[in-house]
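Asker: The chain contents come next:
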Amino acid sequence: MASGTIPESTDNYLTHTRGWKSWAFTLDHKRIGVMYLVAIASSLFLGGMFALAVRIELFSPGRTMMDADSYNHMFTLHGAVMIFLFIIPSIPATFGNFILPVMLGAKDVAFPRLNLASFYLWVTGALFFVLTLSLNQLDTGWTLYVPYAITTKSSVLLAGLGAFVLGFSSIFTGINFIATVHTMRPPGMTWFKMPLFLWSLYATALIQVLATPVLGITVLMLAMEITLNLGIFDPKLGGDPILFQHFFWFYSHPAVYIMILPGMGIMSELIPTFSRKHIFGYRFIAYSSVAIALLGFFVWGHHMFVSGQSVLLGVIFSALTFSVSIPSAIKVFNWLATMYKGSIHLDAPMLYALSFILLFGIGGLTGLFLGALSTDVVVHDTYFVVAHFHYTMFGGTLVAFLGGLHYWWPKITGRMYNALHARIAAIMLFVGFNLTFFPQFILGTRGMPRRYYDYTADLAKHPEFQLLNVLSTLGAFLLATALFFMLHYLMRSLRKGRPAPANPWGSGSLEWQCSSPPPHDNFATPPTVDDPYDYHDLKYDPQLQGYTRDA
Amino acid sequence: MTAMLGLCNVLERPAVSLFGLQDGTFWLPPQRSTIAPAVDTLFYTLLGISAFFFLLILGLMTLFVIRYRYRPGVGPQSDVKHSTALEIFWTVIPLMIVTYIFYQGFVGYVRMRTVPDNAYEIEVVARQWKWIFQYENGLETNDLYVPADRPVRLIMRSDDVIHSLWIPDFRVKMDIVPGRETETWFEAPWQGETGRHALRCTEYCGTSHYNMLATVVVEQEADFDQWLIDALAKQQNKPPPERGEDLYNRYGCIQCHSIDGTMEVGGVAVEGPSFKGIWGETHEFSNASDTEVNREYIRESILDPSAKIRRGYPDKMTTYKGRLSDEQISEIIAFIKSLKD
Numbered sequence: 001m002a003s004g005t006i007p008e009s010t011d012n013y014l015t016h017t018r019g020w021k022s023w024a025f026t027l028d029h030k031r032i033g034v035m036y037l038v039a040i041a042s043s044l045f046l047g048g049m050f051a052l053a054v055r056i057e058l059f060s061p062g063r064t065m066m067d068a069d070s071y072n073h074m075f076t077l078h079g080a081v082m083i084f085l086f087i088i089p090s091i092p093a094t095f096g097n098f099i100l101p102v103m104l105g106a107k108d109v110a111f112p113r114l115n116l117a118s119f120y121l122w123v124t125g126a127l128f129f130v131l132t133l134s135l136n137q138l139d140t141g142w143t144l145y146v147p148y149a150i151t152t153k154s155s156v157l158l159a160g161l162g163a164f165v166l167g168f169s170s171i172f173t174g175i176n177f178i179a180t181v182h183t184m185r186p187p188g189m190t191w192f193k194m195p196l197f198l199w200s201l202y203a204t205a206l207i208q209v210l211a212t213p214v215l216g217i218t219v220l221m222l223a224m225e226i227t228l229n230l231g232i233f234d235p236k237l238g239g240d241p242i243l244f245q246h247f248f249w250f251y252s253h254p255a256v257y258i259m260i261l262p263g264m265g266i267m268s269e270l271i272p273t274f275s276r277k278h279i280f281g282y283r284f285i286a287y288s289s290v291a292i293a294l295l296g297f298f299v300w301g302h303h304m305f306v307s308g309q310s311v312l313l314g315v316i317f318s319a320l321t322f323s324v325s326i327p328s329a330i331k332v333f334n335w336l337a338t339m340y341k342g343s344i345h346l347d348a349p350m351l352y353a354l355s356f357i358l359l360f361g362i363g364g365l366t367g368l369f370l371g372a373l374s375t376d377v378v379v380h381d382t383y384f385v386v387a388h389f390h391y392t393m394f395g396g397t398l399v400a401f402l403g404g405l406h407y408w409w410p411k412i413t414g415r416m417y418n419a420l421h422a423r424i425a426a427i428m429l430f431v432g433f434n435l436t437f438f439p440q441f442i443l444g445t446r447g448m449p450r451r452y453y454d455y456t457a458d459l460a461k462h463p464e465f466q467l468l469n470v471l472s473t474l475g476a477f478l479l480a481t482a483l484f485f486m487l488h489y490l491m492r493s494l495r496k497g498r499p500a501p502a503n504p505w506g507s508g509s510l511e512w513q514c515s516s517p518p519p520h521d522n523f524a525t526p527p528t529v530d531d532p533y534d535y536h537d538l539k540y541d542p543q544l545q546g547y548t549r550d551a
Numbered sequence: 001m002t003a004m005l006g007l008c009n010v011l012e013r014p015a016v017s018l019f020g021l022q023d024g025t026f027w028l029p030p031q032r033s034t035i036a037p038a039v040d041t042l043f044y045t046l047l048g049i050s051a052f053f054f055l056l057i058l059g060l061m062t063l064f065v066i067r068y069r070y071r072p073g074v075g076p077q078s079d080v081k082h083s084t085a086l087e088i089f090w091t092v093i094p095l096m097i098v099t100y101i102f103y104q105g106f107v108g109y110v111r112m113r114t115v116p117d118n119a120y121e122i123e124v125v126a127r128q129w130k131w132i133f134q135y136e137n138g139l140e141t142n143d144l145y146v147p148a149d150r151p152v153r154l155i156m157r158s159d160d161v162i163h164s165l166w167i168p169d170f171r172v173k174m175d176i177v178p179g180r181e182t183e184t185w186f187e188a189p190w191q192g193e194t195g196r197h198a199l200r201c202t203e204y205c206g207t208s209h210y211n212m213l214a215t216v217v218v219e220q221e222a223d224f225d226q227w228l229i230d231a232l233a234k235q236q237n238k239p240p241p242e243r244g245e246d247l248y249n250r251y252g253c254i255q256c257h258s259i260d261g262t263m264e265v266g267g268v269a270v271e272g273p274s275f276k277g278i279w280g281e282t283h284e285f286s287n288a289s290d291t292e293v294n295r296e297y298i299r300e301s302i303l304d305p306s307a308k309i310r311r312g313y314p315d316k317m318t319t320y321k322g323r324l325s326d327e328q329i330s331e332i333i334a335f336i337k338s339l340k341d
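If you read the sequences in order, they're chains U and F.
Residue numbers for the first sequence follow this note's numbering, beginning at 1 and rising by one.
Residue numbers for the second sequence follow this note's numbering, beginning at 1 and rising by one.
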């Protein structure tokens, strides 16, 4: 495509058809992606409110604003909403749906109807969660461990049904992405010319399709146990509670890679783009995604080192767990090498990318304490674990999600947000995050268990619990402020932001070759496929305030 | 390693003044069992490795961001897209490090899970939300009394849901799973005075999970043996109502029922009806006709709690069938009767 001739189309996917039906029954992957974005951002808001309730309660010893049962509901709802409604679908369902076909130069995903079905399944599953919420009863923790989940009189069945339906939504998305990547790559885009975001989505889809059915099976067995008293898990009927933990983590551990792999994929787009330099070690990053997806299936037992699982199993799972840390380390080093001798632009998406490397780095390194058997015994089920998985999931996935949001926002909405505001929010978020979660590492190693409503009894020997909890709560409010500020300037950009050029960041992948926002069919003519990480012939055009390719 | 410990000592002084730390280091509680030093050594090794790699990443990132920041007219200064040598380097080095960590964790774990033969055995019963420790002579306590300088083996079972026994000062943690026995062990060296250590439940087990606490009391072996005899005699010589009161405390009735007519125990809100003055009263039930509080009713409420749910209270109690003997139930009845006055 010649310089400066990127067509400025007035017709785009947002204006192509009108009326609520054109959204509700749309088969356009972009509109489905946008609907997911709205729905998932709402889940983030909901889960965040529960998180604040938890942090307010822990701000001071004794009762602060609720009783123990309400607190138990709050942390359960926080975990369940954040995991099932936010983190698992977040990046694949929003940016995956919106970007994957465009990155492939395709018109849509392979199965557009299945795509819409997956969205409505998600909505149905989410409604079950909201129903549980309005009954305000679920108090099992998101892990639903038996026999507590069987004996407690709360709405475990309803929540289970929700998770079951949500699981199918996840599977449908996975199938769709696998089929799309296999069949719809344009001529010239071989596997090793795909942007790495697609590799990561592909690896994620493999896990979604292979692991999620196990969640469905587990939830079904739990439902049968509760209604029919079969005796699979309930020790009173001859069942084994630890069997449930095996089933649960056989899904839920691979699920953490469903959460983090797409985030890593976003990093592999942001870092080369904002360093204006070819990604370093493309093949190793691509292989490491697949390695993580496969190895991730064999490490679930590391959640159970003190569960009563045999010593031998513990040893095997510990060894396998360390093997999965290597591909993650490889990625981090390759990202750093990409920045080396680059031309680094500190736009908001890059600030999120740098945050990701640091926070995910801490999350990964503290994972060593949990993978090693003897130290895991000390920190298992304490605030150390809470801090660790927030560093990986919030510091990893959510930060990557926000990085992706700021990166693709101009493409999705056709508007630029206020760059300064975005940078301020990114820094606030980074500071607030560390203030919230770093004190929790110390709380954990010094002796505070997770899921504790109160720490009054410990204050005599552990006065530090007070200050650490106060810091954490203050951090949570700073985080919330940053997120609300972000909501503000993003909403404002929709009305007042300047129109986005086709390629505001100087990226090399295909989605930046079509206009912002893309037309209904994405590309009028099939785009030319090049190395997605080649930034040589991209030149800044001050008139467009964006980048164009030199002929 | 020593450098890391040194760093921790440097951190300790400000940490003490900032947090008011009473004992232990900045990161960990004091070491009060024989396995604690080995576990802590690995912990600090990992802390050192983590700090090194974090600072390496942070340092390189900062350096690159400053040195290679965008300048108008200056593009990237390198075209290198991959280096197999580098990839192998940063695959093999971490692999060697994690192999070492795995091995150290493995050695420590096997030691933690291998109970010495001469261990003194105490049985542990966990139930919502109380610990019961049973000694060889039949004595039961809510706090754990152990002899110093002798391996102690805890043989643990649960009456209801999964619990987990954690003694931070001993670096000991093990889940207690209904339907099977689990065990753990420790040896607490004598510290020159009676040791008192927190014991907590670390597997979420419902409403008062946060309050399922106990104290581990470490005595010299001779004192422990004498205490064992005295405590049992004291428990047995009490009249039935007082024995009933012991059971009320020990078996966790206290977690839900007050004895002063209020809806809280020790400043914490509870959900069950108070025992005070109920003997001989006639109560209303949400699922049965009015009944007088007498022997049969109390017995039924202990063995089949859902049979009669007092109006205005939740159906939350689990059965004590098989957990309390007929004699013990009689003692609890005598205790409730004594609260009439």
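Some hints here could point you the wrong way.
Some chain U residues flagged as far from chain F (calculated, every beta-carbon gap over 12 Å) [what the hints assert, rightly or not]:
hint: 1; residue: D11
hint: 2; residue: N72
hint: 3; residue: M184
hint: 4; residue: P187
hint: 5; residue: M224
hint: 6; residue: T227
hint: 7; residue: G281
hint: 8; residue: S323
hint: 9; residue: G371
hint: 10; residue: L373
hint: 11; residue: H380
hint: 12; residue: L494
hint: 13; residue: T528
With a straight-line cut-off of 20 Å between C-alpha atoms, the simulated PhoX-like cross-links for lysine-lysine are [said to hold, decoys possible]:
hint: 14; chain 1: U; residue 1: K193; chain 2: F; residue 2: K81
hint: 15; chain 1: F; residue 1: K321; chain 2: U; residue 2: K236
hint: 16; chain 1: F; residue 1: K276; chain 2: F; residue 2: K321
Hints were generated in silico from the structure; no laboratory data involved.
All residues carry an ideal CB built from backbone N, CA and C; glycine is no exception.
Asker: Kindly indicate which numbered hints from before are broken by the structure, ordering the numbers from low to high.
Answerer: Violated hints (numbers, rising): 2, 7, 8, 9, 10, 11 and 16; every other hint is consistent with the structure.
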